[in-house]
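Trainee: These are the residues of each chain, in order.
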Amino acid sequence: MTPLFVTLLGIAGQPVMAQLSLGLEGGYNYNYLSKDLSGRWFSENDGQAGYTIGVPVLYQCNSWLMLCATPSFCKKNYLSKRTDTFAGIYEYHYNNYLQLPLTARYVFKRKRFDVFLELGVYSAWWISGRIKGVAPNLFDLHDSAGANGQLVEYIRLDAYEMKYHFDTRKDNRFEWGWVTGIGGEYHLNAQYALFIEGRYTGSLSDRQKKYMKAQPPEHNHTFYLSAGGTVRLKTKRRSTKKNAA
Amino acid sequence: MTRFFYILCILLYVILSFAACRKSVSGPTRTGPANFTDVFDQFWEGMNTHYVYWDIDTTHWDAIYQQYRPLFARLDLQDAGDVRASVQLFRDMTKGLIDGHYAIRFYHSLLTDSTIDPAYDRKRSGPAFHEPYSFAGLAAHYLDPGYMSGYDSTTDAHQLLYALSGTIGQRVLYFTCNRMALLRSYQSPSGNGVRPVLQSFFDHLAGNSFDMKGLIIDLRDNGGGDLIDLGFLVGRIIDQRLLFGYTRYRNGNGRLDHSSWLEAAVSPSAGAKKISAPIIVLADNFSASTSEAMIMALRCLPNTTIVGENTWGATGPFTDENVYNDGPFSIPGFLSVNTSSVEFKHLDGRIYEGVGFPPDIAVPFDLSSINAGIDRQLEKGISLIK
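Residue numbers (the working numbering), protein chains in the order written: chain G, 183 to 427; chain Y, 441 to 826.
Think of the hints as simulated: they come from the structure by calculation, not from any bench.
Given the structure is predicted, the values throughout are model-derived calculations rather than measurements.
Ideal Cβ placement from N, Cα and C applies to all residues, glycine included.
Do not rely on the hints blindly, as some may be mistaken.
Said to hold, decoys possible - Derived contacts from chain Y toward chain G, CB cut-off under 8 Å, selection only:
| hint | residue |
| --- | --- |
| 1 | L683 |
| 2 | T687 |
| 3 | P757 |
| 4 | N765 |
| 5 | V782 |
Could you build the full structure based on these sequences and the hints that come with them?
Mentor: Given below as structure tokens:
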């Protein structure tokens, strides 16, 4: 709250050029689900690539501060897999989210090219998911004779792909957390601009509802690399009046 | 100053965010317990992460923690009396678990004679409980002369494998065995008495040795065994893949972390011949595990009728802990827990764990008839084959 409060203090009492811009952005993302795997033999979670598309709405408060809201659709994928002797057993999770980051953007203006840093919060809704994987199936066995003539049983790996079915007891479909980012914007002219941005979202909410003691937490960590363009919608000049002495 | 503070916040958060990006790696963490609190913590956590029925089991495992951890904390691992007393605490904690395979065996030198079997304890205290009975001797009286029977002592050092097969009235083919190790016996390089029984049974199934009007597979008092026998036996009497249910396993350390349901099916074996004649499966309260799976699979054939009693209710098979990171686990030097590695759901959408698969035609166990040489369940099965 302190950075936000201090930011608002900085806005007050300043001559202001307020401008609203609307844009379109898209890009690549990489998501990793942090999940406790202690005690699970030869198991790992890996991050997976996805994509994002969004509609940034930017409100320029003054020469160095901008407020941004970027309603967007994004994938937050991840991979659970076994390693070593159990390599070949895995499960891909493809998850779709609607997301709304709200950030304050600090802008370093350099003639036509600006550099910006941003910090804020986001909320998201887990719309749907799909899983695809390979797992050992205890009812799919085959046998062969071992070196000493004894029977050796093998468990076959079965492939599967299906829609993820939400469990209302555990799945927390609402997500929120922190956003931070860095980027650059090139002004083609007074109205149009192109930008590229790197962003990180880290969930502070647990992906699961609390249902048990000593429950292992799950959090999404997502990195984005997006590019897009904006168009300035209107220009309005206003200033605060100072009392005459 | 404000701007620099703002920038510092951002940079700090970016650095911390990257620091959070570590892959989770794994490994076993259980060690020999130093005290009874350690024993309890390892057991409670092992159940947390390995038991596959938390989504349907009504045992309140968090409440168990609150109630029993203080009780274990009062026990002294060096005191023989306390060690023996701990068995009753384990029995109390687990008495409501639905897993029909669940059992605790103790490594501790003072407790090697103690075993905890919640399913058996519940059934034994029920009004309809009867002791297990081996029907093979009684059933043999119904078979035509020339039936075959045999033993194999090589598949298990502690349990003989027994099989019996023959015809009834030169119209019904009959087979029974006391547990599932049939493929191992059939393919064993050493001679045994079960292989010729199986060969005779398979020859009758495949050939035209008699006009078979029906098949009776007797799985009463068969506590299960090798899961591969499901395909070995059932695969011989079907000509296409038989889907009979679904399984899923634990894929995380949360009690509701489960994989998706994988299909459980039996594939026809090479040279299999579809049996269109009526198939009667005899089941009783002690038909468990692999024999239960066989009963549930055969029930998915349109020409099968189950006669007898509810099965035991141990429908989730188990395997080594490291296959799924669930199921059986142990506390080094103290105890081992046997429990299902996967949860099984029948094709009808129901989970029969702890409940047992019901018969189509209920014929209760009747000791007085048995003592008079009458096998009512078998006679009912025979009567269904016209």
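Trainee: For every hint, state whether the structure bears it out.
Mentor: Verification of the hints:
Proximity of L683 of chain Y to chain G is violated relative to the hint, the smallest CB-CB distance being about 10 Å (cut-off 8 Å). For T687 of chain Y, the shortest C-beta to C-beta distance to chain G is roughly 6 Å, which falls under 8 Å, so the interface hint holds. The closest approach between the C-beta of P757 of chain Y and any C-beta of chain G is roughly 5 Å, which is under the 8 Å cut-off, so the hint is satisfied. Taken as an interface hint, N765 of chain Y checks out: its beta carbon lies about 4 Å from the nearest beta carbon of chain G, inside 8 Å.
Because the smallest distance between the Cβ of V782 of chain Y and any Cβ of chain G comes to about 6 Å, under 8 Å, the interface hint for this residue holds.
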